[in-house]
Amino acid sequence: MSAPIFLLLAALVLAAALTVVVHPSPVYSACALVVTLFLLSVFFIGLDAQLVAVLQVIVYAGAIVVLFLFVIMLLNLTQTEPRPTAGAPLVAVAVGGGIAVVALVATALRRLTVPTAPGLPEGFGDTAALARRLFTAYLLPFELTSVLLLVAIVGAVGLAKRRP
Amino acid sequence: MPPTAPLTWYLGLSAVLFAIGAIGVLVRRNVIVIFMAIELMLNAVNLTFVALARSLGSMDGQVIVFFVMTVAAAEAAVGLAIIIALSRNGETMNADELVTLRW
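Residue numbers (the working numbering), protein chains in the order written: chain U, 0 to 163; chain P, 13 to 115.
Next up, chain U with everything else stripped away, as it sits in the complex (with noise of 0.2 angstroms):
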């Protein structure tokens, strides 16, 4: 991805991201989380990350986003709240550590010696590779991921379900 589109489309995530926790409307977060979701899986496509990028929006963007934005209307929490975050001195000190964070990672990115591979495989990032992957090196975690999927459903069906 070229430096300008690059620096474009950061501006539009962290503008999106920053909506998603200042907002003080949860349906408003909820859509600026959706536009979040989709600029990074632009950043996925330029990163020759086809199938994630797909995955990205069908996933996270389709189902997780909707199921937030379906709570949201089921409780009816559409309304703007009165006093959405915290006292002032817990928000000085997370701005404050979040600011020491990224200092911190950014002091530590100027002296990393980026790896670079030789060339990239061919095929990189599409699904045949992916897949390739998945169902050799990485079998038994993937099997493991369908009982979390199990134990989830169950205990979303357990928690939501009515008391007799």
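No false leads were slipped in.
To be clear about the criterion: a stretch of chain P counts as covered by chain U if any three or more of its residues have a C-beta under 8 angstroms from a C-beta of chain U, and this derived list gives those stretches:
#1 27-39
#2 46-56
#3 82-89
#4 94-103
Simulated from the structure, these hints should not be mistaken for lab results.
Idealized CB from N, CA, C, for every residue including glycine.
We have chain U; now place chain P onto it with these hints.
Chain P only, in chain U's frame:
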């Protein structure tokens, strides 16, 4: 042809995104917005994985992103079910006033 963005830019962007998500978890009081901030942090880590996978020429980072998405989906399903159960019991959505799950 303009120069391509180096790896460190991607890592820096994901660090800033992660910090925004962490600040959101600490600062916001609505449990649903706290959940969204957690998703932001997960996505910042995903960006790191994909950028390093590209840089190292290895598919493993993208496979991990696949797993992170699965875990995020499971987490969202269970978390939102907990939120619905809370609202059914007449609790607020304010994390400061929720004491049902505390000791």
